[in-house]
Amino acid sequence: MAATAKSLSAYYTALRMILDNTDQFYLLNEQLYAKPYPSENREQVKKTEAELEERVELASDFSTLSGNFGKLTGSTAPADVAASASKLEGEVETLASVKASSVEQGALKAALQTLTTAAKEHKEREAAKAMDDAVKGLSDLFAKEAEVWNSAEMVYSTIGSTLAGNLVDGNATDNAALLKVALDPFGLSPSTASADLNAQLAPLAKQQIAAKKSAMDSDYLQASNAMATSLDEMSQRIHTVAEDKPMAFRSAPLSVSTVEKWTSQIMSTGSTNTTATAPAQPASKPAR
Amino acid sequence: MANALIEVQTTFLSLDSQYAMLRAACKTDRDRAALAAKYAAAQKNYQTTLNQMLKDDDTQVAALAKQLKAANAVVNHATQEMGDISKVIDDLATAIDLGSKLIACV
Chain A
-12 MAATAKSLSA YYTALRMILD NTDQFYLLNE QLYAKPYPSE NREQVKKTEA ELEERVELAS
48 DFSTLSGNFG KLTGSTAPAD VAASASKLEG EVETLASVKA SSVEQGALKA ALQTLTTAAK
108 EHKEREAAKA MDDAVKGLSD LFAKEAEVWN SAEMVYSTIG STLAGNLVDG NATDNAALLK
168 VALDPFGLSP STASADLNAQ LAPLAKQQIA AKKSAMDSDY LQASNAMATS LDEMSQRIHT
228 VAEDKPMAFR SAPLSVSTVE KWTSQIMSTG STNTTATAPA QPASKPAR
Chain B
433 MANALIEVQT TFLSLDSQYA MLRAACKTDR DRAALAAKYA AAQKNYQTTL NQMLKDDDTQ
493 VAALAKQLKA ANAVVNHATQ EMGDISKVID DLATAIDLGS KLIACV
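If you're matching them up, the sequences are chains A and B in order. Residue numbers for the first sequence follow this note's numbering, beginning at -12 and rising by one. Residue numbers for the second sequence follow this note's numbering, beginning at 433 and rising by one.
These are computed hints drawn from the structure, not numbers from a lab. Any given hint could be a false lead.
Stated by the list, open to error - Simulated pairs of lysine-lysine, DSS-like, Cα-Cα distance not exceeding 30 Å: (1) B:K470 with A:K116; (2) A:K123 with B:K501; (3) A:K131 with B:K476; (4) B:K501 with A:K(-7); (5) A:K199 with A:K167; (6) B:K470 with A:K33; (7) A:K193 with B:K470; (8) B:K487 with A:K34; (9) B:K498 with A:K131; (10) A:K193 with B:K459; (11) A:K193 with B:K487; (12) A:K33 with A:K200; (13) A:K(-7) with B:K487; (14) A:K34 with B:K459; (15) A:K34 with A:K199; (16) A:K(-7) with A:K123; (17) A:K199 with A:K(-7); (18) A:K248 with A:K131; (19) B:K487 with A:K123; (20) A:K(-7) with A:K248; (21) A:K248 with A:K34; (22) B:K501 with A:K131; (23) B:K476 with A:K123; (24) B:K487 with A:K131; (25) A:K33 with A:K123; (26) A:K200 with B:K476; (27) A:K131 with A:K200; (28) B:K476 with A:K199; (29) B:K459 with A:K116.
Bound conformation, chain A alone:
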């Protein structure tokens, strides 16, 4: 559960970075390619970011809840109770040789067992019941909003890849980086490409942009599906505990690692908020 809470928080944070980067793309497009980005449109983007911020807070509350539930189910309290009850039962046995009858011993033992069982299981179930609806609500909200976030990611990758392609067309990139694959094995580095070489490599640069864009979309969809699966699985586990039996397994859902992989990719390519210093004007000035 802690792993899922952590993933959800990271997932929403990565989405927030995607929105922030989209805002930066719009600003660059306006500056370089005369694509308007009126302030009222920017306000809408900021509104989306504010909505997302609420989801980040929800994920944070969920993380706190997860931590507290972990204290309950993972604490030594149940073990302490069991150890104490066992000790107590031993003490009851010593009474046998003195005054207490076997009936009294049996009653006391039964009471101790009930108390121990209640302590070990009842609280976990009680807590799980409290969490059941909340976690299901979180899982439902995530599923309901999936299309919104899918769209935000698609717009981010498409606007970004078109912008990158325009920069390649405008000779604003150093395409010699594509030569690394041929030179690295021999311990050599590419020099700054001449205008001719840059132009020759432009089609490959655009192929790379297209391939990376497809990979970004695919990785995101896998992460989004994995997040939904993790939330659903966790909701079912908690529901099981809340309904009748103790949680039988507590390992992190496998799908969490897929989410972590995507969020770390996004965070590593995150915005640096340097729009104020736009890249150098392309050699051949783009249509403006």
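Given the structure of chain A, go ahead and fit chain B onto it with the hints provided.
Just chain B, lined up with the frame of chain A:
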């Protein structure tokens, strides 16, 4: 609503990807201004629809935040009670231990 989002997204992304070509085809400033206005409107439609869909969820988000906080209070309470029960049993064990020693002395 989801279909509406896909529609406005498609329009906006299509215009964005063809913008350079369309702009190059514009012969007058008036044409360029008209194209820019269309682009701004398509961008606004998309961003507004996105927010409208999220705004519809505001009540759900607020209710969920309340639920999570309430659940957290219950779990916290249960955790504290669990600790108390352990202590009570320990105290009982000590009392019975003392009791049995006392009885043994009688």
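Verification of the hints:
| no. | hint | result |
| --- | --- | --- |
| 1 | B:K470 with A:K116 | violated (53 Å) |
| 2 | A:K123 with B:K501 | holds (14 Å) |
| 3 | A:K131 with B:K476 | holds (23 Å) |
| 4 | B:K501 with A:K(-7) | holds (17 Å) |
| 5 | A:K199 with A:K167 | holds (17 Å) |
| 6 | B:K470 with A:K33 | holds (21 Å) |
| 7 | A:K193 with B:K470 | holds (27 Å) |
| 8 | B:K487 with A:K34 | holds (10 Å) |
| 9 | B:K498 with A:K131 | holds (19 Å) |
| 10 | A:K193 with B:K459 | holds (28 Å) |
| 11 | A:K193 with B:K487 | violated (38 Å) |
| 12 | A:K33 with A:K200 | holds (24 Å) |
| 13 | A:K(-7) with B:K487 | holds (25 Å) |
| 14 | A:K34 with B:K459 | violated (37 Å) |
| 15 | A:K34 with A:K199 | holds (29 Å) |
| 16 | A:K(-7) with A:K123 | holds (17 Å) |
| 17 | A:K199 with A:K(-7) | holds (27 Å) |
| 18 | A:K248 with A:K131 | holds (23 Å) |
| 19 | B:K487 with A:K123 | holds (20 Å) |
| 20 | A:K(-7) with A:K248 | holds (13 Å) |
| 21 | A:K248 with A:K34 | holds (28 Å) |
| 22 | B:K501 with A:K131 | holds (21 Å) |
| 23 | B:K476 with A:K123 | violated (34 Å) |
| 24 | B:K487 with A:K131 | holds (13 Å) |
| 25 | A:K33 with A:K123 | holds (29 Å) |
| 26 | A:K200 with B:K476 | holds (24 Å) |
| 27 | A:K131 with A:K200 | holds (25 Å) |
| 28 | B:K476 with A:K199 | holds (27 Å) |
| 29 | B:K459 with A:K116 | violated (68 Å) |
Figure legend: structure checked against the earlier numbered hints; hints not met, in rising order: 1, 11, 14, 23 and 29.
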